[in-house]
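S.K.: Below, each chain spelled out in residue letters.
2 protein chains.
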Amino acid sequence: MNRIALLLVLAAAPAFAADPSPVPYPESYRGWTHVKSMVINPGHPLYDAFGGIHHLYANKKALEGYKAGKFPDGAVIVFDLLEANTGTNVVQEGARKVVGVMHKDAKKWKGTGGWGFEGFKGDSRTERAVGANAASACYACHTQQKERDFVFSAYRK
Amino acid sequence: MNRIALLLVLAAAPAFAADPSPVPYPESYRGWTHVKSMVINPGHPLYDAFGGIHHLYANKKALEGYKAGKFPDGAVIVFDLLEANTGTNVVQEGARKVVGVMHKDAKKWKGTGGWGFEGFKGDSRTERAVGANAASACYACHTQQKERDFVFSAYRK
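Protein chains in written order, with the working numbering: chain D, 11 to 167; chain H, 11 to 167.
Calculated directly from the structure, the hints in this document are not laboratory data. Some hints could be false.
For identical chains, the list gives no copy identity; a pair is met inside one copy or between any two copies.
Said to hold, decoys possible - In silico DSS-like pairs for lysine-lysine, Cα to Cα no more than 27 angstroms straight-line:
#	residue 1	residue 2
1	77	131
2	118	167
3	118	70
4	46	167
5	120	167
6	70	46
7	117	167
8	167	131
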């Protein structure tokens, strides 16, 4: 490789390096601590993205983070979104729409507040809804919560 | 004590013995596994008793029970009922209304399917909503579920 070709390779490298590290599927999250829940109905501004009933779950490190207001590396928060099946004066949980994940690692996801963001479609552990779009699809909105380490939810006692 | 008085005491004893053993407050249940949730709205036949958003939590033995269809002694299921605060196209969790408990012990609560039933009012660990009325206030309805060891809920994956 001559010097010019080497420089071209080096110049291109940061673009590859900037691709976010993939966020792992949060195995066994259904056994983690339930943080809180909410129902988002048709007509709500977030309905298209988050309509249904959602539950937030936290692993042990994320629980520490909720208490401290700052989340350590290894903290994982799951946003488990299910269909909200409305019956006669009742709302029941339906099929899973997406398993949203925030995974903290200050180095790995430096460009998005130290958080890796991903969504796993339905009950799939491999179909990714966010991928390389975390900055625009997730982080852009979460920046509002910078004072709370980019997290919207709070632990409900 | 003469023989007649003794017989009267013995005759009265079973009435005292039949009082159900008090169900302990389920310490740390918020860290147990979340089983499922539901919202019950005004107009529902169960609204007066269970209106709001409720979450079910299971300790480890109760989780085994959900899988096996039969619950071992020591299994505890919590029915955590919160106000459902309805906003514009959104339902959020409000104040706690009651912490309902089913606690399995085949001997202690023999008269009510092996389950002790209790409700702790709001955030209180001591104010009891059921007390000695478990048979009529809880078990009468749970008998419908005899085939499932008197449990209505099922673990939602």
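S.K.: Taking the hints in turn, state whether each one holds.
M.R.: Tested hints:
1. For the identical chains of this complex, residue 77 and residue 131 are inter-copy neighbours only, at 26 angstroms across copies versus 30 angstroms inside a copy, given an alpha-carbon limit of 27 angstroms.
2. Neither within a single protomer nor between protomers do residue 118 and residue 167 lie at most 27 angstroms apart by alpha-carbon distance, with minima of 31 angstroms and 30 angstroms respectively.
3. Taking the shortest Cα distances, residue 118 and residue 70 sit within 27 angstroms of each other inside one copy (20 angstroms), while across copies they are farther apart (35 angstroms).
4. For the identical chains of this complex, residue 46 and residue 167 are neighbours both inside a copy (9 angstroms) and across copies (17 angstroms), given an alpha-carbon limit of 27 angstroms.
5. Proximity of residue 120 and residue 167 under a CA criterion of 27 angstroms is satisfied in neither setting, with 31 angstroms inside one chain copy and 33 angstroms between copies.
6. Both within a single protomer and between protomers do residue 70 and residue 46 lie at most 27 angstroms apart by alpha-carbon distance, with minima of 15 angstroms and 21 angstroms respectively.
7. In this assembly of identical chains, the alpha carbons of residue 117 and residue 167 never lie at most 27 angstroms apart, being 31 angstroms within a copy and 33 angstroms across copies at closest.
8. For the identical chains of this complex, residue 167 and residue 131 are inter-copy neighbours only, at 15 angstroms across copies versus 29 angstroms inside a copy, given an alpha-carbon limit of 27 angstroms.
Hints 2, 5 and 7 from the earlier list are contradicted by this structure; the remaining hints agree with it.
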